[in-house]
Structure formats: C-alpha cells, structure tokens
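> The listed protein sequences derive, respectively, from chains A and B. Per full-length UniProt numbering, residue 1 is the first one in the first sequence, and the count goes up by one each step. Per full-length UniProt numbering, residue 1 is the first one in the second sequence, and the count goes up by one each step.
Some hints here could point you the wrong way.
Which copy? The list can't say, so a pair holds if one copy fits it or any two copies do.
[Claimed, not checked] In silico BS3-like pairs for lysine-lysine, Cα to Cα no more than 27 Å straight-line:
{"no.": "1", "residue 1": "Lys59", "residue 2": "Lys13"}
{"no.": "2", "residue 1": "Lys71", "residue 2": "Lys51"}
{"no.": "3", "residue 1": "Lys51", "residue 2": "Lys13"}
{"no.": "4", "residue 1": "Lys59", "residue 2": "Lys71"}
Keep in mind that the hints were calculated from the coordinates and are not lab data.
2 protein chains.
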Amino acid sequence: MSTKKPKSSSLEKLLNQISGRWTMYILWILDNNGSLRFGELGREVAGISTKVLTERLRKLEAMGVVYRDYKATIPPEVTYGLTERGQELSRTLDPLCELASRWYDSP
Amino acid sequence: MSTKKPKSSSLEKLLNQISGRWTMYILWILDNNGSLRFGELGREVAGISTKVLTERLRKLEAMGVVYRDYKATIPPEVTYGLTERGQELSRTLDPLCELASRWYDSP
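Sequences and hints are given; from them, build the entire structure.
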C-alpha cells in the first residue's frame, strides 16, 4: 500500500462506508445497468427491502457516489445512477472484486 | 466493476473482513516495515490495545493474509508478517488507498 502514512485512516473510512450489506451490489447493478428507477433497482437487487434500499441510496448520495434525478411528471419519476465519482469508485474496486472472486468463489 | 455477477457477494465478504477498525492500519504497517514482533507492532499501531491487536492478527491469520512465526527461544520470539496473499491484497488496495486519500484527506 502507498507509503504515505494514512493521515486520517481515510481508507478505513471509505471501507466502512462501502462495506455495509447490499452497498456493493447496488453499485454493481447501477454500474452494469446505467440509471434505474427505484422500483427497477429494487427488483434487480433481489431480497432488499424498500426501507434498506432507501437508506443505502441516501448514504451513497451523501457520499457523492450516486445521483438522484427527480422529474415532476405524474406520477413523479425518480431515477438513480452513478456519478463520475461513483464510476471512479467502481473502476477502482474492480481489482478487489477480481481478487475476492478468486479467493472466495468456488470455481 | 467486473460484469461477472458476484456469485456469493464475495466482494462484500472481503470488505467486511478488512473494514474492521485498525485492520487496514495493521496491514499497512506490516507492508511498510516487513515482519515485526508483537510488541513492536503494538507500538507502531499507536493506540491499539493488546486484546484488539491479538484479535485482529488472529482474524488476518485465519484469512491467510498474515503469518505468525513462533521461535521457542527463551523468551519465545513471535513475529508477524504479510503472506504472499497479504502482499497481493495490499497491492490491490493501493488504488483504493489513493482514492480515499484524495477524497478524504484535506490537502
């Protein structure tokens, strides 16, 4: 790891933010499907409750990793997608994803 | 992130293993200092208790990321270091470390 001393254990902070249950899976779905409406996202992330999905999306939005687009149509249309920062995080996680898959997914 | 569907959310499992408090810092210290004795490691990871350091090292050992070398000298000598797997994890985390530092460490 970089020799620069992690001043404020920023890596620990980032890991804590993204290690919650479902978080990686939501990022993965948005990365592979582009922006999705709340209902679509809920169906893609099989098994997640509306409450938890709402919480995770709010957290990801607060991180600046996911954007929320609201259209005042009738009924209103709300879509979620990865911001540039979210796409950067996704790309950066790719090698870790490969490593985890090699280590933990039975062939 | 890789388009391969994360079969068993292996990435989530790995993130949960490495996101505990101090874990990244211990890996970072061993990566930068090579193998260390328990006491040396405890001093380097300022603020960690002996109990927590013991727990974290056991967990990292169980993951196959850290090795524990015991020499039956008098007094016995116990050193810890990164295994090949640990070094691979460290290298893979480098880009995430840089990203976290850019995002969260004030310049």
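> Indicate, hint by hint, whether the structure satisfies it.
Taking the hints in turn, this is what the structure says about them:
| no. | hint | in the structure |
| --- | --- | --- |
| 1 | Lys59 / Lys13 | both (13 Å within a copy, 20 Å between copies) |
| 2 | Lys71 / Lys51 | within (22 Å within a copy, 53 Å between copies) |
| 3 | Lys51 / Lys13 | both (24 Å within a copy, 22 Å between copies) |
| 4 | Lys59 / Lys71 | within (21 Å within a copy, 48 Å between copies) |
Consistency note: the structure conflicts with none of the earlier hints.
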